[in-house]
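Q: What follows is the residue order along each chain.
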Amino acid sequence: MSALDGLSPVLSVGVDIVDAERLRRMVTRWGDLVLERLFTADERNRLYGARGLRWDSLAGRFAAKEATRKTFGARGEMPRWTDLQVDVGPHGEPRLTLLGAAVEAAQRCGFRQFHVSIAHEKKSAMAIVVAL
Amino acid sequence: MTTQSVLLGVLRDLEIKTDGVGDETRLREDLEVDSTELIEIAVAIEQRTSAAIDTNDILALKTFGDLVTYVDHAPSRG
Numbered sequence: 001m002s003a004l005d006g007l008s009p010v011l012s013v014g015v016d017i018v019d020a021e022r023l024r025r026m027v028t029r030w031g032d033l034v035l036e037r038l039f040t041a042d043e044r045n046r047l048y049g050a051r052g053l054r055w056d057s058l059a060g061r062f063a064a065k066e067a068t069r070k071t072f073g074a075r076g077e078m079p080r081w082t083d084l085q086v087d088v089g090p091h092g093e094p095r096l097t098l099l100g101a102a103v104e105a106a107q108r109c110g111f112r113q114f115h116v117s118i119a120h121e122k123k124s125a126m127a128i129v130v131a132l
Numbered sequence: 001m002t003t004q005s006v007l008l009g010v011l012r013d014l015e016i017k018t019d020g021v022g023d024e025t026r027l028r029e030d031l032e033v034d035s036t037e038l039i040e041i042a043v044a045i046e047q048r049t050s051a052a053i054d055t056n057d058i059l060a061l062k063t064f065g066d067l068v069t070y071v072d073h074a075p076s077r078g
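For the protein sequence lines, the chains are A and B, in the order given. Quick note on my numbering: the first sequence kicks off at 1 and runs consecutively. Quick note on my numbering: the second sequence kicks off at 1 and runs consecutively.
Here are a few chain A residues that sit away from chain B, every Cβ distance over 10 Å (derived from the structure): (1) V10; (2) G52; (3) A119.
Incomplete in silico selection of chain B near chain A, CB under 8 Å: (4) T36; (5) I39; (6) E40; (7) V43; (8) T55; (9) N56.
Quick caveat, the hints were computed from the structure, so don't treat them as lab data. From the three backbone atoms N, C-alpha and C, an ideal C-beta is built for every residue, glycine too.
Working from the sequences, and respecting the hints, build out all of it.
A: Structure (structure tokens):
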């Protein structure tokens, strides 16, 4: 029996880096018109803190969504940004929730689980997503 | 005003050079438009027209001509 028996194989990996300043300019210019295309209502509620929009969180979430879309893209699927919700787990870790058509798209791809990691810098955010 | 001229205005507003843009001009390769800018283009088109622009649809378009045809056939927002 191999030590790898029972482990889920990695089916796809996606990575993305977001220019936080560029995203900020876009959201500053277009406001909710852009936010509503990219984030679910739950996410938009959580993006606002005591000092307004939490820009680092916004860029990180967008990077996670783009990285997730790449895991799907490698399998010929492309879910909407608003069908991918980036939540926060009990330890502060990012967690992906699939909504709407993304649920069936994941089934078609054979994805049962996602692991998400997000990193922030002043001017950028990056995320990597592993689909199992 | 034609759809083509509206879209050229949208691109110029986003500081994308429109010299020589025609139906065959490729959005990503020739105009160097990336997915983030396509989101802005979708929003800007809706601000200038009555068309309802689906962001996922617009991401799949290849050329400026594709974009013109898509906007011409897009449902109206209502």
